[in-house]
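Chains as they are written, first to last, in the numbering used here: chain D, 24 to 343; chain V, 24 to 343.
Accuracy of the hints is not assured; some may be wrong.
Copies of one chain are not kept apart here, so a pair can be met inside one copy or by any two copies together.
Distance condition first, Cα-Cα at most 20 Å in a straight line; then the derived DMTMM-like pairs of lysine to aspartate or glutamate [said to hold, decoys possible]:
(1) Lys120 / Glu172
(2) Lys83 / Asp284
(3) Lys139 / Glu36
(4) Lys139 / Glu154
(5) Lys120 / Glu35
(6) Lys139 / Glu285
(7) Lys288 / Asp232
(8) Lys139 / Glu151
(9) Lys114 / Asp325
By construction, these hints were calculated from the structure, which means they are not laboratory data.
There are 2 protein chains.
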Amino acid sequence: MYTPIQLQELIEEAIPQISYPAHPSNLYEPIRYIMNLGGKRIRPVMVLMAAELFTEEIEKALDVALAIETFHNFTLVHDDIMDNAPLRRGKQTIHEKWGVNTAILSGDVMMVESNKHLAKADISVLKEVLETFNLTAQGVCEGQQLDMEFEQRNNVNIPEYINMIRLKTAVLLGGAMKLGGIVGGAGKTDADLLYKFGENLGIAFQLQDDILDVYGNPEKFGKQVGGDIIANKKTFLHLTALALAAEEEKKVLNSNLSSSDEKVKLVTALYDRYQIKALATAEMDKYLKEAYQALADLSVADEKKTNFRMLIKQILVREH
Amino acid sequence: MYTPIQLQELIEEAIPQISYPAHPSNLYEPIRYIMNLGGKRIRPVMVLMAAELFTEEIEKALDVALAIETFHNFTLVHDDIMDNAPLRRGKQTIHEKWGVNTAILSGDVMMVESNKHLAKADISVLKEVLETFNLTAQGVCEGQQLDMEFEQRNNVNIPEYINMIRLKTAVLLGGAMKLGGIVGGAGKTDADLLYKFGENLGIAFQLQDDILDVYGNPEKFGKQVGGDIIANKKTFLHLTALALAAEEEKKVLNSNLSSSDEKVKLVTALYDRYQIKALATAEMDKYLKEAYQALADLSVADEKKTNFRMLIKQILVREH
Numbered sequence: 024m025y026t027p028i029q030l031q032e033l034i035e036e037a038i039p040q041i042s043y044p045a046h047p048s049n050l051y052e053p054i055r056y057i058m059n060l061g062g063k064r065i066r067p068v069m070v071l072m073a074a075e076l077f078t079e080e081i082e083k084a085l086d087v088a089l090a091i092e093t094f095h096n097f098t099l100v101h102d103d104i105m106d107n108a109p110l111r112r113g114k115q116t117i118h119e120k121w122g123v124n125t126a127i128l129s130g131d132v133m134m135v136e137s138n139k140h141l142a143k144a145d146i147s148v149l150k151e152v153l154e155t156f157n158l159t160a161q162g163v164c165e166g167q168q169l170d171m172e173f174e175q176r177n178n179v180n181i182p183e184y185i186n187m188i189r190l191k192t193a194v195l196l197g198g199a200m201k202l203g204g205i206v207g208g209a210g211k212t213d214a215d216l217l218y219k220f221g222e223n224l225g226i227a228f229q230l231q232d233d234i235l236d237v238y239g240n241p242e243k244f245g246k247q248v249g250g251d252i253i254a255n256k257k258t259f260l261h262l263t264a265l266a267l268a269a270e271e272e273k274k275v276l277n278s279n280l281s282s283s284d285e286k287v288k289l290v291t292a293l294y295d296r297y298q299i300k301a302l303a304t305a306e307m308d309k310y311l312k313e314a315y316q317a318l319a320d321l322s323v324a325d326e327k328k329t330n331f332r333m334l335i336k337q338i339l340v341r342e343h
Numbered sequence: 024m025y026t027p028i029q030l031q032e033l034i035e036e037a038i039p040q041i042s043y044p045a046h047p048s049n050l051y052e053p054i055r056y057i058m059n060l061g062g063k064r065i066r067p068v069m070v071l072m073a074a075e076l077f078t079e080e081i082e083k084a085l086d087v088a089l090a091i092e093t094f095h096n097f098t099l100v101h102d103d104i105m106d107n108a109p110l111r112r113g114k115q116t117i118h119e120k121w122g123v124n125t126a127i128l129s130g131d132v133m134m135v136e137s138n139k140h141l142a143k144a145d146i147s148v149l150k151e152v153l154e155t156f157n158l159t160a161q162g163v164c165e166g167q168q169l170d171m172e173f174e175q176r177n178n179v180n181i182p183e184y185i186n187m188i189r190l191k192t193a194v195l196l197g198g199a200m201k202l203g204g205i206v207g208g209a210g211k212t213d214a215d216l217l218y219k220f221g222e223n224l225g226i227a228f229q230l231q232d233d234i235l236d237v238y239g240n241p242e243k244f245g246k247q248v249g250g251d252i253i254a255n256k257k258t259f260l261h262l263t264a265l266a267l268a269a270e271e272e273k274k275v276l277n278s279n280l281s282s283s284d285e286k287v288k289l290v291t292a293l294y295d296r297y298q299i300k301a302l303a304t305a306e307m308d309k310y311l312k313e314a315y316q317a318l319a320d321l322s323v324a325d326e327k328k329t330n331f332r333m334l335i336k337q338i339l340v341r342e343h
C-alpha cells in the first residue's frame with residue numbers, strides 16, 4: 024500500500040507528463056502553468072487512495088485522478104476571475120498574467136481536458152464514472168453561484184451556508200472518493216460510503232477553515248488572521264454570532280471600521296462572548312463524526328483504512 | 024425520412040423539455056434563456072440527419088443532438104463575454120443581462136449539461152462519442168483563441184485564416200455530422216466521411232459569410248453591409264486583397280476613416296479591382312466540392328442523401 028505522500032508523488036510525476044497540444048501556445052501555456060503551481064493534490068490523492076481499497080493496480084485510477092485535479096484547477100481559474108483575485112498560491116493568477124479572455128478560454132479547455140482523462144476509464148465503469156463526475160461538476164458550479172449570491176444577501180441562514188460549502192467544496196471531495204472507488208472496483212454501497220466520507224470531511228474541512236481564519240496561528244495558516252472578518256464574509260462563525268448576538272452587538276459584524284485591527288479585535292471579542300469557536304468546533308466535529316462513521320461502514324479490512332485516518336489528520340489537524 | 028424542417032421541429036420540441044435544476048435559479052435561468060432564443064438549430068439537425076442515414080430510430084440521436092446544441096450555445100455565451108457583445112439574436116447577451124460572473128458560470132454548467140446529454144449514448148458507442156466530442160470541443164476553443172490572437176496580429180496569412188475558421192466554425196459541423204453517424208450506426212469510413220462533409224461545408228459557409236458581409240443583400244443578410252470592413256476584420260477577402268494589392272492601396276484596408284460609408288466604398292472598389300469576390304467564391308467552391316465529394320463517397324443509397332443537398336442549399340445559397 025502506498026502512503027499518502029507516495030500517492031502525492033505519483034500525481035506530481037504524472038502531471039508534467041500530461042501532453043497538451045503545442046498550439047495555440049497562449050491557450051495551453053496557462054494550463055501548464057496552473058497545473059504545475061503545486062498544492063497538496065489532496066483531491067487526486069483521494070481518488071488513488073479510494074481505488075487502492077479495492078485494487079492493487081492503482082494506475083487504473085490515475086486518469087480519473089488527473090481528471091479531478093484538472094477540473095479542480097479549472098474551477099480555480101474561473102473562480103479567480105469572478106473573485107478578481109490577483110494571486111493563487113503566491114503566483115499571478117491566469118487572468119492577471121494572460122488577461123481575462125484567455126483565462127476564460129483556457130479554463131474551458133481544461134474542462135475538455137478533464138473529460139478526455141475521464142473518457143479513458145474502463146468501459147465497464149464508464150457510465151458510472153461520467154454520471155458521478157457530471158453530478159460533482161454541476162454541484163461545484165452551483166456552490167460557486169451560491170457563494171457569489173450570498174455576498175449580496177443579508178439573510179443567509181446557517182443551513183443555507185452549510186449547503187453552499189457542501190456544494191462548493193465538499194462535493195468534489197466526495198466525488199473524488201467515489202470515483203476512485205468506482206474505478207477500483209467498489210460495489211455501489213461502498214462507493215456511496217466513500218462519497219459520504221469525502222463530503223462530510225469536506226464540510227468539516229471548510230468549517231475548520233472558518234475557525235482558523237480567526238483563531239489560527241498566522242505563521243502556520245499562511246493567511247492574514249481575521250481576513251474573513253475584515254471582508255464581512257458570511258462564515259459559519261459570522262452567521263452564528265449574528266443569530267445569537269444582541270441587536271446592538273450585531274452592528275460590529277458588518278461595520279466598516281477604518282482600522283482593520285480594531286475590527287478583528289472587536290469581532291473576536293464578540294465571538295468569544297458567545298463561545299462561537301466552541302460552537303463551530305462542535306459543528307465541525309458533527310461532520311467529522313459522520314465521515315468516521317462512513318469510513319467504519321466501508322466493507323474493507325480495517326488496516327486498509329489507515330491512510331484515510333492519516334488523511335483526516337493531515338487536512339484537519341493542521342495546526343490548532 | 025424526416026425533412027430538415029421536421030428535424031428542426033423535433034429539436035425545438037425537445038429543448039424546452041430539457042430539465043434543469045430549479046436552484047440556484049440565477050445559474051439555470053440564463054441557460055433556459057439562451058437555449059430558447061431560437062436560431063436555425065443547424066448543428067443538432069445535422070446530428071439527426073446524419074443518424075437517419077443509418078437508422079430509422081433517430082430518437083437514438085436526440086441526446087447527442089442536444090449535447091451539440093448545448094455546447095454550441097455555451098460557446099456563444101463565453102464568446103460574447105470575450106467579444107464584449109451586447110446582443111445575440113437581437114436580445115441581450117447573458118453577461119449584459121446577468122453580469123459577467125454569472126455568464127462565465129452558466130456557460131461552465133452548460134458544458135456539464137452537454138456532457139450529461141452525451142453520457143446517455145449507448146454504451147456500445149460511448150467511447151467513440153466521447154472521443155469525437157472532446158476533440159471537437161477542443162478544436163472550437165482553439166479556434167476562438169486563434170481568432171482573438173489574429174485581432175492583435177498583422178501578419179496573418181491565408182492558410183492560417185482557413186485553419187482558424189476550420190477550428191472555430193467548421194469542426195463543430197464536422198463533429199455534429201460524425202456524432203450523428205456514430206450513434207446511428209455508421210462504420211468508421213462513413214463516420215469519417217460525415218466529418219469531412221461537415222468540416223468542408225463549414226469552411227465554405229464561413230467563406231460565404233465573409234463574401235456576404237461585403238456583397239450580400241443587407242435586407243436578407245440581416246447585418247450591416249461592410250461590417251467586417253469597418254472593423255478591419257481579417258477576413259478571407261481582406262487577407263487576399265492584402266496579398267495582391269500594391270503597397271499604396273493596402274493603406275485603405277487598415278485605415279480609420281472618419282466616414283464608415285466612405286471606407287466601405289473604397290475597400291469594395293479595391294476588392295473589385297482585384298476580383299476578390301471571384302477569388303473568394305472560387306475558394307468557397309473548392310471546399311464545397313470537397314463536401315460534395317465526401318457526400319458522394321458515403322456508402323448509403325443516393326436517395327437518402329437528398330436532405331444533405333437541401334441542407335447545403337439552405338445554408339449556402341441563402342441569398343446571393
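>> As a check of your reading, is lysine 139 near glutamate 36 (CA-CA no more than 20 Å) within one copy, between copies, both or neither?
In response: within (19 Å within a copy, 31 Å between copies)
> Is it within a copy, between copies, both, or neither that the alpha carbon of lysine 114 lies no farther than 20 Å from that of aspartate 325?
Replying inline: Classified as neither: same-chain Cα gap 41 Å, cross-chain 60 Å, threshold 20 Å.
> Between the shortest in-copy and the shortest cross-copy C-alpha distance, which are at most 20 Å for lysine 139 and glutamate 151: within, between, both, or neither?
Replying inline: Both: 16 Å inside a chain and 12 Å across chains, each within 20 Å.
>> With identical chains, the pair lysine 120 and glutamate 35 could be close in the same copy or across copies; at 20 Å between alpha carbons, which is it: within, between, both, or neither?
In response: neither (24 Å within a copy, 42 Å between copies)
> Are the CA atoms of lysine 139 and glutamate 154 at most 20 Å apart within a copy, between copies, both, or neither?
Replying inline: both (15 Å within a copy, 7 Å between copies)
> Checking lysine 288 and aspartate 232: alpha-carbon separation at most 20 Å within a copy, between copies, both or neither?
Replying inline: within (19 Å within a copy, 64 Å between copies)
>> Cα distance capped at 20 Å. Does lysine 139 pair with glutamate 285 within a copy, between copies, both, or neither?
In response: neither (51 Å within a copy, 50 Å between copies)
> Should lysine 83 paired with aspartate 284 be assigned to within, between, both, or neither, using CA atoms and 20 Å as the limit?
Replying inline: The answer is neither: 51 Å in one copy and 63 Å across copies each exceed 20 Å.
> Is it within, between, both or neither when you check lysine 120 against glutamate 172 at 20 Å Cα-Cα?
Replying inline: between (27 Å within a copy, 16 Å between copies)
Comparing the model with each numbered hint stated earlier shows that hints 2, 5, 6, 9 do not hold.
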